[in-house]
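Chains as they are written, first to last, in this note's numbering: chain A, 1 to 283; chain B, 284 to 554.
Hints are computed from structural coordinates only; laboratory data are not their basis.
Hints are supplied without guarantee of correctness; some may be wrong.
Unchecked claim - Below are the BS3-like pairs computed for lysine-lysine, each with C-alpha atoms no more than 27 Å apart in a straight line:
| hint | chain 1 | residue 1 | chain 2 | residue 2 |
| --- | --- | --- | --- | --- |
| 1 | B | Lys513 | B | Lys316 |
| 2 | B | Lys513 | B | Lys325 |
| 3 | A | Lys139 | B | Lys513 |
| 4 | A | Lys139 | B | Lys316 |
Unchecked claim - Label-pair restraints from in silico Cβ distances:
| hint | chain 1 | residue 1 | chain 2 | residue 2 | range |
| --- | --- | --- | --- | --- | --- |
| 5 | B | Gly319 | A | Val33 | 32 to 40 Å |
| 6 | A | Val33 | B | Asp314 | 19 to 27 Å |
| 7 | B | Val288 | A | Val246 | 30 to 38 Å |
| 8 | B | Val318 | A | Ile39 | 51 to 59 Å |
As the list claims (entries may be wrong) - To be clear about the criterion: a stretch of chain B counts as covered by chain A if any three or more of its residues have a C-beta under 8 Å from a C-beta of chain A, and this derived list gives those stretches:
| hint | segment |
| --- | --- |
| 9 | 318-327 |
| 10 | 340-348 |
| 11 | 360-373 |
| 12 | 408-416 |
| 13 | 484-496 |
Even glycine gets a Cβ: it sits at the ideal position worked out from N, Cα and C.
What follows is each chain in one-letter form.
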Amino acid sequence: MEEQRPRRRRHWSRRPNPLAGLGSLLWLAVVIVPIYAMISASLTRQDKALGNNALKPPTDPTFANYNTVLHNGFGHFLANTALVAAAVVGIVLVLCVPLAYVAVRTRTIWSSAAFRLFLLGVAIPAQAVVVPLYLMIAKLNLYDSLLAVILPTAAFAMPVSVLILTGTLRDISEDLYEAMALDGASATRMLFQLVIPLAKGGISTVVIYTALQAWNGFLFPLIFTQSDGPRVLTLGLFNYVSQFGVNIPALLASVVLSGIPIFAVYLVARRALVGGLMGVGGK
Amino acid sequence: MPGVVFFAFFAVAPMVLAVYLSFTTWNGLGDPKPVGLANWQKLLHDDRLTQSLTVTVLLTVTSWAFQTVVSLLLGVWAAGRQRNRAILSAIFFVPFLLSSTAIALLFYALLDPNFGVIHQDTLGSTSGAFLAIVFVGGWQFIPFHTLIYQGGARQIPEVLYQAAAIDGAGRYRQFFSITLPQLRNTATTSSVLMIVGSLTYFETVLILTQGGPGTDTAILPYLMYEAGFKSYDFGYASAIATFLVVAATALSLVLVRLTGFGAMRSTREGM
Numbered sequence: 001m002e003e004q005r006p007r008r009r010r011h012w013s014r015r016p017n018p019l020a021g022l023g024s025l026l027w028l029a030v031v032i033v034p035i036y037a038m039i040s041a042s043l044t045r046q047d048k049a050l051g052n053n054a055l056k057p058p059t060d061p062t063f064a065n066y067n068t069v070l071h072n073g074f075g076h077f078l079a080n081t082a083l084v085a086a087a088v089v090g091i092v093l094v095l096c097v098p099l100a101y102v103a104v105r106t107r108t109i110w111s112s113a114a115f116r117l118f119l120l121g122v123a124i125p126a127q128a129v130v131v132p133l134y135l136m137i138a139k140l141n142l143y144d145s146l147l148a149v150i151l152p153t154a155a156f157a158m159p160v161s162v163l164i165l166t167g168t169l170r171d172i173s174e175d176l177y178e179a180m181a182l183d184g185a186s187a188t189r190m191l192f193q194l195v196i197p198l199a200k201g202g203i204s205t206v207v208i209y210t211a212l213q214a215w216n217g218f219l220f221p222l223i224f225t226q227s228d229g230p231r232v233l234t235l236g237l238f239n240y241v242s243q244f245g246v247n248i249p250a251l252l253a254s255v256v257l258s259g260i261p262i263f264a265v266y267l268v269a270r271r272a273l274v275g276g277l278m279g280v281g282g283k
Numbered sequence: 284m285p286g287v288v289f290f291a292f293f294a295v296a297p298m299v300l301a302v303y304l305s306f307t308t309w310n311g312l313g314d315p316k317p318v319g320l321a322n323w324q325k326l327l328h329d330d331r332l333t334q335s336l337t338v339t340v341l342l343t344v345t346s347w348a349f350q351t352v353v354s355l356l357l358g359v360w361a362a363g364r365q366r367n368r369a370i371l372s373a374i375f376f377v378p379f380l381l382s383s384t385a386i387a388l389l390f391y392a393l394l395d396p397n398f399g400v401i402h403q404d405t406l407g408s409t410s411g412a413f414l415a416i417v418f419v420g421g422w423q424f425i426p427f428h429t430l431i432y433q434g435g436a437r438q439i440p441e442v443l444y445q446a447a448a449i450d451g452a453g454r455y456r457q458f459f460s461i462t463l464p465q466l467r468n469t470a471t472t473s474s475v476l477m478i479v480g481s482l483t484y485f486e487t488v489l490i491l492t493q494g495g496p497g498t499d500t501a502i503l504p505y506l507m508y509e510a511g512f513k514s515y516d517f518g519y520a521s522a523i524a525t526f527l528v529v530a531a532t533a534l535s536l537v538l539v540r541l542t543g544f545g546a547m548r549s550t551r552e553g554m
């Protein structure tokens, strides 16, 4: 994103700012120390972990804790989570891209009412609706299934997705629409040949944001599922607390393992995620 | 539009249903039975609700102050385009990638007095548990808000700084006279997202303190969860939930009004 704009140099950017430098190093410590302690402890043998100073590196590192986690259903939970994330992303894209297109291109009462509905939706806390959703999901016979997690998660990812997409679509120049309209293109053709190619940045942000929401969601799985079958990763982690009990190194190993897939995606797609989210604040 | 129908069914309809359920009694089996205002009367006279509301407000305000100060400073700092800032910003973002569950578990383990870094029972004391929740929430969400402030700071027109420099304003003067006022809208957006967000620190509370010690950190969503899914009093849980929705909706109306999102503006307008 940054590359497209002319590179601006702030006149003060060349002078070092010692106070800010110090502050940033302090925050670096706040971020790094817990992560370091987690990785270090996850490599420590359980019998050595108690009473040990977690800040010291382990004397004889072991992967035994990771083994414990992998033998306690981690792979199964991971597969469920991946399925949920893929389904949620699919639903959100299919529903939100046309919605954003309509919200930007038409100025009827209905389209702006729908847009406002989604704006309000940003602030509906999921906690506020779990009881009625629980009732609805029970009546729909979806309780304790992956669909019970997928459908509400997708619905709750929609408001921010619509916001991000309308933001991107508004930046497409009016001239391009007019040129296509002159060529006699239908609204559907414009959507596929103009809007989707030009909104790639916004769409990839939505994909990553939505996948992150689905991947990290906890409340819906906690309330709408029960058995091992549809258990997702976050709920699996939560259950490890009672399952592993005092085996804290194994618990931390599970936390590390759960973060690895997202971290890998971050390494590859950082620009899309960071660039898109930065726009959320507007000016 | 299928999208509107889908969203209305899974997000808007449940909100309406929550209001209805708040006038019923339901233990999870069979069908809800109307009971009139009983749940709401209970709500008004529930000491736990008063305590919960106090903790929720306190937690929200403290979290807002902590997160805003740090995010603002880090965001403005990260808006500079130096290479070291870019690298550190990339690292600063990492906590946001972990799930609330994972982060809560991480600090649950690190704060365990038998194991962790701090060899005292932090979560056993009221103020310790409270501050732990504030810190963990900040650790998780400051990266996101830093990003928002970074985006805002990068949109401040360069000419303002040039003019200030010609007038002889130093770095700190520029920060207070240009950066801060120019970030007003960004701060509004970020603040409302923070406030609405801290109504939802549910995972953190559930895993870190389970509302404890006692009920000292039982924020509203946790109280709702306990009433519904522990005590099976879904009618009362719905009354608490409705209360939450009203608070959140009022806040989001403020969001729409103050930030001008509703005016359908491009974020790049005026550049």
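Now the hints, each set against the structure:
1. B/Lys513 - B/Lys316: Holds: lysine 513 of chain B and lysine 316 of chain B sit about 20 Å apart, inside 27 Å.
2. B/Lys513 - B/Lys325: Distance of about 18 Å is within 27 Å: holds.
3. A/Lys139 - B/Lys513: Between lysine 139 of chain A and lysine 513 of chain B the Cα gap is close to 21 Å, so the pair holds against 27 Å.
4. A/Lys139 - B/Lys316: 16 Å, holds
5. B/Gly319 - A/Val33: 32 to 40 Å: Roughly 54 Å apart at Cβ, these two residues miss the hinted range, so it is violated.
6. A/Val33 - B/Asp314: 19 to 27 Å: At roughly 53 Å between Cβ atoms, aspartate 314 of chain B and valine 33 of chain A fall outside 19 to 27 Å, so the hint is violated.
7. B/Val288 - A/Val246: 30 to 38 Å: Given range 30 to 38 Å: violated, Cβ gap about 49 Å.
8. B/Val318 - A/Ile39: 51 to 59 Å: Taking Cβ atoms as reference, valine 318 of chain B and isoleucine 39 of chain A lie about 53 Å apart, which means the hint holds.
9. 318-327: violated (count 0)
10. 340-348: Answer violated; 0 residues pass the 8 Å Cβ test.
11. 360-373: holds (count 7)
12. 408-416: violated (count 0)
13. 484-496: Per the Cβ count (3), the hint holds.
Checked against the numbered hints given earlier, this structure breaks hints 5, 6, 7, 9, 10 and 12; the rest are met.
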